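Whenever a hint applies, use it, and build me the whole structure from the sequences.
At position 90 of the sequence shown the residue is numbered 90 (UniProt numbering), and the sequence of numbers has no breaks.
FYI, nobody ran anything at the bench for these hints, they're computed from the structure. Please note that the accuracy of each hint is not assured.
[Stated by the list, open to error] Here are the simulated lysine to any residue pairs, SDA-like style, with alpha carbons at most 25 angstroms apart:
#1 Lys12 to Met1
#2 Lys32 to Leu21
#3 Lys32 to Pro57
All values derive from a computational prediction rather than experimental measurement.
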Amino acid sequence: MYALALNDALAKGGTITNGTLITQEMWNRTFKGVTGVVRIDANGDRNADYSLLDMNPVTGDFEVSNGVEIYLQSKVFRCFELIINNILYIKILT
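This is the structure in structure tokens:
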């Protein structure tokens, strides 16, 4: 990703030392990486595909989680997930 962003920055007249421009060239970009499709949004955040797994302490097997807790600003929210066609939907309960 760095090489793609650097190439675009240089094409716009930037320099190899202009980290701000190079970083901005990484935003709003989608490409295929080693782990699959990589998406960087307009804020520079990576939108990743992942699975939440729990280890079953009896069997030692990892299983898809059926509930997680989210901590935001010192508050704890309980949420449940539903997977349909490999898409994770999270319902946050207040």
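Quiz prompt | Hints that the structure is at odds with (numbers, increasing) | solution = 3
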